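Asker: Sequence:
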Amino acid sequence: MRRIVFFDFDGTLVDSAPDLAHAANLQRIRRGLPALEYAALRPYASQGARGLLGAALNLRPDHIEYETVRQQFLQDYKNCMTTNSRLFNGIDELLDKIDQNNMGWGIVTNKAEDLSFPMFDHFQLTARSAANVCGDTTPYTKPHPAPLLHAARLANSLPEHCIYVGDDERDIIAGKAANMATIAVSYGYCNNKDKIHDWQADMTVNEVNELWDAIAHLIQKKWG
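The sequence shown begins at 1222 in our numbering and counts up by one.
These are computed hints drawn from the structure, not numbers from a lab. Everything numeric in this text was worked out from a predicted model, so none of it was measured. Wrong hints could be hidden among the right ones.
[Stated by the list, open to error] The calculated lysine-lysine pairs, modelled on BS3-like cross-linking and capped at a C-alpha distance of 25 Å, are: (1) Lys-1397 with Lys-1442; (2) Lys-1299 with Lys-1318; (3) Lys-1442 with Lys-1318; (4) Lys-1397 with Lys-1443; (5) Lys-1414 with Lys-1397; (6) Lys-1443 with Lys-1318.
Taking the hints into account, I'd like the entire structure generated from these sequences.
Answerer: Have a look at this one:
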């Protein structure tokens, strides 16, 4: 059975925080407020509109204006989402190494398909990936395991032969619930790096260049 490494997208494969923060700041500017420092918004990049609008405007989903503002945020983000976003350094080489070792890789993100696939295409990931599963591909989002289980089916693998890599606790919860091995990464948007070990992932890494060794170690440990 082919081994597959699935990745979260924002904060794991791609540093999309600059464009997400810009879209969030546009909502402040529309209201005559000064833009926030990038460092104040970056930790919320993996939390989507809910987290970013909460950080930028203290706006919660139960607010009467939330949905209107969320739609404007999403439109602004669509207009800029590939402007300053970049693959984390070393990701291209990592994906090549996975391919060269007769393994596969895929993407499982909570970001909606209409926001995800343009970015997958921009970074030339879509066709290379064994599976691309987004937040609205199944009826559920992480931390529910359904997106990961669906990805394994698309990749013609079994969950117990897969690894899931992510920078948020919900990634690790979903991976464990799907019976996949898990790797937590702290180089992304983890809000509290001191607590990342509390997630109880199979392995934790701090840099992209540590990921291949972690993947190889899990393969040897779990499957020999």
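Asker: So which of the earlier hints does this model not fit?
Answerer: Per hint list: single violation, 2.
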